[in-house]
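Trainee: Line by line, the protein sequences give chains A and B.
So the first sequence is numbered by this note's numbering: it starts at 1 and just counts up by one.
So the second sequence is numbered by this note's numbering: it starts at 1 and just counts up by one.
Read the hints as simulated data drawn from the structure, not as lab findings.
Don't be surprised by glycine CBs; every beta carbon is placed ideally from N, CA and C.
Treat the hints loosely; a few may be bogus.
When the alpha-carbon atoms are kept at most 25 Å apart in a straight line, the in silico DMTMM-like pairs for lysine to aspartate or glutamate are as follows [unchecked claim]:
1. A/LYS260 - B/GLU83
2. A/LYS260 - B/GLU66
3. A/LYS123 - A/GLU161
Covered stretches of chain A (in silico footprint by chain B; criterion: 3 or more residues with CB under 8 Å from a CB of chain B, positions within the stretch not fixed) [to be verified]:
4. 317–323
5. 339–346
6. 362–374
So the chains spell out like this:
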Amino acid sequence: MFKLILKVTVLSMLFGMMVYMLPKESSANSELYLANEDNTRAIELYQKIMNYLDGNQEIKYAGAYIDESNTLNVGLVPENKEQTKEVISSLAGNLPIKFYNVKYSFEVLENAKEIFKKEVNGKYNITSLDISEKENKLVIGLQPDSYSTSMRNFNLQKGKEELFERMQIDAEDIIFIEEEPLTTQARTDSNQDEKLGGIRITSPNPQGNTEESTLGFGVIDTTGKYGFVMSGHPVKGVGTWVSQGGGVGQVTTDRLTNRKSDAAYVRTSSGKVVSGTIYGGYRINAHYGWANMPVGAEIMQHGISTNVTTGTITSRQKEVYFSSNYKYNSGGMTMLVEATYKSASGDSGGPVTGKINSSVYVQLLGIHVGAKGSRAYYSPVDIILTELNLSRPLYSKDGNVKN
Amino acid sequence: MNSSYFKLLFVCLLVLVLTACNEKTETEKEYMDAVSAAKLLSEYNKSNRNELKMEGIIITMLGPDEINNVLEVDLLKVNKKIEKKFKKILFEDVLHQEVRLRLEQGGYGIPQ
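Using the sequences provided together with the hints, build the complete structure.
Mentor: Shown next as structure tokens:
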């Protein structure tokens, strides 16, 4: 009898302890993963997949994009299709994911791009070579003024079949587009033709000294006028002239108290060209608020002192107090995003963007503010737009615009 | 023989009771959400910054570590006396609850 009681007790205890030790999934997490109101989860999933694929030879990456419903779409090549689908589905867990069939892996398209680049080097007025991950094609930008000639010459080029054979893609999988060439001016040149993100600007600071900083991004205000956003602390205030090869515009909006972003809006003077790109050929196609970028996301900063630096988000909604003479809120700034990218004096205002895929499109996240120890801080774009009463950032598709 | 079984049974039951107690202790201790705590501290700091300064408490950074649910606070100077004062104000006057806290000494940020 005792033996029986003892056995039952010990078995019950073992069972109870096993249940206790099982990993628990909170209901909050389940709800979190079922919701997909913004693209944060899709970005996280994309990064998770990329981390998994890094060094994995069996699974072929064949492109990915986030669609209008904020769902990550992943390309599948015929080779190892089912295995890839299975692995990526398991990585996605409860997150929504879609798959689409493509002909080429990303590696094949990259090789094709390199071969094409070597073959046509100097022959045509090419402005860019890109891979469209959504369409699974090679995209060649040609200067608009010589587009027809370039296309005719390419079609007449001898040995074209042999070229496509070496590239391992079909002729129909190259798209030619008309595209303006990107600027070749230096980031710190005093007079840029286009006022774009990441270039040097100067302005009188609150102490009356001329200060160098970095232009943030082109923008449309709520009245439909164009201008740009810059860091707020290097300018005295509303009415201050900002220079980029001479006066380019005056600070139009810049409140001093109850601020949540270190930013000022400069409406550009008549005839000054503003663009929705960032120095170095980075084209903006979207903007994401602070809540859409999770801790751990990889980002880039584009400043005049450090050029392009990369890092990850370490914290959000930070409040930082700055050294004396900081003009806002008696020294402190709230709602800053903390990250690990490197920065230096002069980078203030530099656009901070996402580093999401291999295309040259970037998503605008905010502008650089300052640093504390090894951590850098930026003001998020959504808060800047609200505080400065702006409609939206300029995107590269808006082209060059002026008031 | 029976005596050994009783001893073993007693030990097993003791382990079970202790395991249950341990779980109860863990679940009973509830910490405040770091994001809400940061907001409350920020508001308090905004309206009482001068009073805090007089106590030697100068906040140079505050915010949540969302991943670990920890409130991060940097003070310009930290010693045992200041730390004690700060924790008393934070837990008793500001939050009225416990929060996981990472308190460090750190200087002002540098606008660039």
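Trainee: Can you give the numbers of the hints that this structure goes against, from lowest to highest?
Mentor: 1
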